[in-house]
Amino acid sequence: MLEKLMQQLYQCSRCGFCRVWEWEGVESVCPTYPFTPGWESQYARGRVRLARATAEGEMEITPAMLEHVYQCTLCRNCEAHCPVGVPLGEIFHAWRVDLAAAGHNLPVHRQIAENVAEHRSLYGPRGGRKGAEVSEPRKVSVLYFPGCTTIRKARKVTKATADLLGKLGVDFAVLEEDACCGYPLYETGMVEQAKEAAQQSMERIKRYDPDIIVTTCPSCYRVFRYIYPEELGIEHGIEVLHMSQYLPELVKGKLSGLPVRVTWHDPCVLGRHLGMYEEPRELLRLVPELELVEMYSNRENAQCCGAGGGVMAAFDAISSEVAQRRLKQAADCEAAVISTSCPACLVNFQRAVSKAGLDLEVKDLVEIINEALE
Amino acid sequence: MDKKYVLNRLAEIVGPEHVTDEPFILLTYTQDFGTQPPMWPSFVVRPGTTEEVAEILKLANELRIPVSPRGGGSAQEGGCQSDGGIVLETLRMDKILDIDEDTGTVTVEAGITFVKLMNALEQRGWKIGIAPSGAMAGTPGAHIARPGVGWGNIKYVTQGDQVVGLKVVLPTGDIVSTGSAGNPNSDSFFRYCLGPDLAGLFIGSEGAYGVITEATLRMYPWPEKIYLERYIGSNLRDAIDIFREIALHNLVCYISVPVIKPDMILFDVNVEGDAVEVEHRLERIRAIVRKYPGIRFMGPEGPSRFWERRWFNTGEEFKDGIAGAVNYFLPFEKLEEATYAMREIMDRHGIQKYAQQMFPEPMGSEHVSLMFHHPGDKEEYAKIQRALPEMMDKALAMGGCPYSKGRQWAPYLEKHLGHTGYWRTLKAIKQALDPNHIMNPGVVGL
Numbered sequence: 010m011l012e013k014l015m016q017q018l019y020q021c022s023r024c025g026f027c028r029v030w031e032w033e034g035v036e037s038v039c040p041t042y043p044f045t046p047g048w049e050s051q052y053a054r055g056r057v058r059l060a061r062a063t064a065e066g067e068m069e070i071t072p073a074m075l076e077h078v079y080q081c082t083l084c085r086n087c088e089a090h091c092p093v094g095v096p097l098g099e100i101f102h103a104w105r106v107d108l109a110a111a112g113h114n115l116p117v118h119r120q121i122a123e124n125v126a127e128h129r130s131l132y133g134p135r136g137g138r139k140g141a142e143v144s145e146p147r148k149v150s151v152l153y154f155p156g157c158t159t160i161r162k163a164r165k166v167t168k169a170t171a172d173l174l175g176k177l178g179v180d181f182a183v184l185e186e187d188a189c190c191g192y193p194l195y196e197t198g199m200v201e202q203a204k205e206a207a208q209q210s211m212e213r214i215k216r217y218d219p220d221i222i223v224t225t226c227p228s229c230y231r232v233f234r235y236i237y238p239e240e241l242g243i244e245h246g247i248e249v250l251h252m253s254q255y256l257p258e259l260v261k262g263k264l265s266g267l268p269v270r271v272t273w274h275d276p277c278v279l280g281r282h283l284g285m286y287e288e289p290r291e292l293l294r295l296v297p298e299l300e301l302v303e304m305y306s307n308r309e310n311a312q313c314c315g316a317g318g319g320v321m322a323a324f325d326a327i328s329s330e331v332a333q334r335r336l337k338q339a340a341d342c343e344a345a346v347i348s349t350s351c352p353a354c355l356v357n358f359q360r361a362v363s364k365a366g367l368d369l370e371v372k373d374l375v376e377i378i379n380e381a382l383e
Numbered sequence: 203m204d205k206k207y208v209l210n211r212l213a214e215i216v217g218p219e220h221v222t223d224e225p226f227i228l229l230t231y232t233q234d235f236g237t238q239p240p241m242w243p244s245f246v247v248r249p250g251t252t253e254e255v256a257e258i259l260k261l262a263n264e265l266r267i268p269v270s271p272r273g274g275g276s277a278q279e280g281g282c283q284s285d286g287g288i289v290l291e292t293l294r295m296d297k298i299l300d301i302d303e304d305t306g307t308v309t310v311e312a313g314i315t316f317v318k319l320m321n322a323l324e325q326r327g328w329k330i331g332i333a334p335s336g337a338m339a340g341t342p343g344a345h346i347a348r349p350g351v352g353w354g355n356i357k358y359v360t361q362g363d364q365v366v367g368l369k370v371v372l373p374t375g376d377i378v379s380t381g382s383a384g385n386p387n388s389d390s391f392f393r394y395c396l397g398p399d400l401a402g403l404f405i406g407s408e409g410a411y412g413v414i415t416e417a418t419l420r421m422y423p424w425p426e427k428i429y430l431e432r433y434i435g436s437n438l439r440d441a442i443d444i445f446r447e448i449a450l451h452n453l454v455c456y457i458s459v460p461v462i463k464p465d466m467i468l469f470d471v472n473v474e475g476d477a478v479e480v481e482h483r484l485e486r487i488r489a490i491v492r493k494y495p496g497i498r499f500m501g502p503e504g505p506s507r508f509w510e511r512r513w514f515n516t517g518e519e520f521k522d523g524i525a526g527a528v529n530y531f532l533p534f535e536k537l538e539e540a541t542y543a544m545r546e547i548m549d550r551h552g553i554q555k556y557a558q559q560m561f562p563e564p565m566g567s568e569h570v571s572l573m574f575h576h577p578g579d580k581e582e583y584a585k586i587q588r589a590l591p592e593m594m595d596k597a598l599a600m601g602g603c604p605y606s607k608g609r610q611w612a613p614y615l616e617k618h619l620g621h622t623g624y625w626r627t628l629k630a631i632k633q634a635l636d637p638n639h640i641m642n643p644g645v646v647g648l
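Just so you know, the sequences run in chain order A and B.
Each residue of the first sequence is one higher than the one before, counting from 10 in my numbering.
Each residue of the second sequence is one higher than the one before, counting from 203 in my numbering.
It is worth saying that the hints were derived from the structure and are not from the lab.
Treat the hints with caution; some may be incorrect.
[To be verified] Calculated pairs, EDC-like style, for lysine to aspartate or glutamate (alpha carbon to alpha carbon, straight line, at most 16 Å):
| hint | chain 1 | residue 1 | chain 2 | residue 2 |
| --- | --- | --- | --- | --- |
| 1 | B | 297 | A | 31 |
| 2 | A | 215 | A | 244 |
| 3 | B | 596 | B | 539 |
| 4 | A | 215 | A | 145 |
| 5 | B | 585 | B | 546 |
| 6 | B | 297 | A | 36 |
| 7 | B | 580 | B | 539 |
| 8 | B | 580 | A | 65 |
| 9 | A | 261 | A | 291 |
Produce the complete structure using the sequences and hints provided.
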């Protein structure tokens, strides 16, 4: 895939602006770089050079190199701040696709692919926990697709969503059983495996014959809405909405006061990948008495939580430190709650709050709306 | 060289996580922001303190391994490359050590990026004099070692002029504090005292005499008002006359001339001070410009928009690719001739995309030629590589004086200066400070 992007790779002028900024709303362009040893190959400028080298067969691929490749969260902050407009997100993803196709990926990501293939969840078997109780599929107008991370690691979001949709009188079902949208495989370059996961998930989704699929996960939303039809050749024909798009019309005028100071964390996939900065903010503004405050880095400048691109699975310590840094921004704007709408961000923040020693609540967007719904 | 032995010794100094001989990492240190051909180091080391730098240089001196210091890797003349030696990257040394509002100085470690420094100062109501256009990636250690220029060229001249004191590690590992800090009972608050100005020895030495690890720079209260306006004309000579008069009367913080084309010259002036002072200076600038009817006033909007996003916008200039750069100082009277001479060479070699610019100083101007290409375009790269030597040769023959020399200018400096007392003195100092020639060999021509 990278061979199609060679011209774009050569656009990099090596200016180095993609390392750190500490100016105008950006602490560090690359969220992970400050928590790595800090070699050139651990932020975009060096990665571009390495991508060229591997694409042109100039450099042997080693396990150590792969670590530097996969320490990138694919947050696209470097792309948003590249003065010459190199499509870095596309490049780094294409690079992973080529590497994976040649058998070069991290063992932990291979394990995830195996987990999805065998257990339909990137987290593998459910262990001692009881399997999900799956209601008999029936035709519904709305199918809520929680996704692997929400089902396994953020049950409170599934519950809040089901509660909310119930209160709103929506004809809905929750896809409670394990099902992976394929995005974790897609972002680590394993496109074929992602396609298999997608087909499996679509089979389950179609049992409900939904008019709309709603998600609380930007990655699920992005794959269903864009990547399935555009890159994986899966034309499902079902409308797909992220909760921040679906809810405003339904809850407008129905929400009661919630006197709390909230800051919104833009998930990278929802924000920089899809440009949805205002939808969640507008939804939060519908809540009377809720005070929405912005962190130093917001919208296009928003700092990644550190979980994306397979980083949380492969580099736990880096991922946690990035999350702690982001949480400090939330504390700096004196928010009581940091809200987001991405299960990976949510999980990463929840475990980082105590490490950062901060008195902050981490809530999904849906939890807040559910609390405010009379 | 027993590479494993060297790696282990370096790891003992900085910790194993801060030194590498991994080929894939070394690859990313083979070039800077310019067009010099790649050079492969054997090691990259990232020290965290002056003392670690000293230990690295002692080891390198003992084992006769060349060492090339590197900051943000954002210069264009190959000054931070190494052929088989050690690249010593200073980016871990990124702290502001002291903001001294009593003496109006700020002391920083060499590897802090300028934007981080400037942002911290701005929050406290201060600024530095010279802000390099590559401030997002560039570092004071490297900028002083060139020595760089930047926004502020007329009022504050060069980064070298902003230096109050330096801490430098010599190739022997000795640590030298210059200026008032040469007195162990004093801090760095004054440059010209105690004895000869040792800071000047390292400013512009590009690491050939030692590694700058700390710098004390002057800082200034953030001005009450910063105002910019733009002018455009077609007569280069008229514009240069304007630059001279504005510069000699020290009316601006800087003049930026980002576009010089055969039929067009565009320049911005930046004026700072209190409101009354800015108004007075503007009146005088406009009176000077009015003497040249061919130069038109274009208003403040364009340059003000640029100023708001200045650090980012400087990078946008390179959308046409990496630039082969030929930058040097000339007195005002030679700028027109130089513009035509450089243009003739670039046109003759068929360079497809180039820019000519000027950034006036009080006594003359930096003259800039940038030849853009994307690295995959081997044909254009070859043309640029043919034009560069001719341009450097011509520039020196015209009396041009480059500030950032790196490896690119080295053969031409030696050709034009090699017979002079100046050159013999540079060599003698090199021999005295660095008898084993480990410090950035080849840079400047030393």
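For each hint, the structure was consulted:
Simply put, residue 297 of chain B and residue 31 of chain A have alpha-carbon atoms about 13 Å apart, close enough for the 16 Å limit, and the pair holds. Taking the CA atoms of residue 215 of chain A and residue 244 of chain A, the gap is about 12 Å. The hint holds against a cut of 16 Å. Only pairs whose Cα atoms come within 16 Å are accepted, and residue 596 of chain B paired with residue 539 of chain B is accepted, the gap being roughly 11 Å. At roughly 13 Å between alpha-carbon atoms, residue 215 of chain A and residue 145 of chain A fall within 16 Å of each other, so this suggested pair holds.
Distance check on the hinted pair: residue 585 of chain B and residue 546 of chain B sit about 14 Å apart at the alpha-carbon level, within 16 Å; holds. This hinted pair checks out: residue 297 of chain B and residue 36 of chain A have alpha carbons roughly 15 Å apart, not beyond 16 Å. Simply put, residue 580 of chain B and residue 539 of chain B have alpha-carbon atoms about 30 Å apart, too far for the 16 Å limit, and the pair is violated. For a cut-off of 16 Å, the pair hint linking residue 580 of chain B to residue 65 of chain A stands: about 15 Å separates their Cα positions.
Between residue 261 of chain A and residue 291 of chain A, the direct Cα distance comes to roughly 11 Å. Compliance with the 16 Å bound is thereby established for this hinted pair.
Of the numbered hints listed earlier, the single one contradicted by the structure is hint 7.
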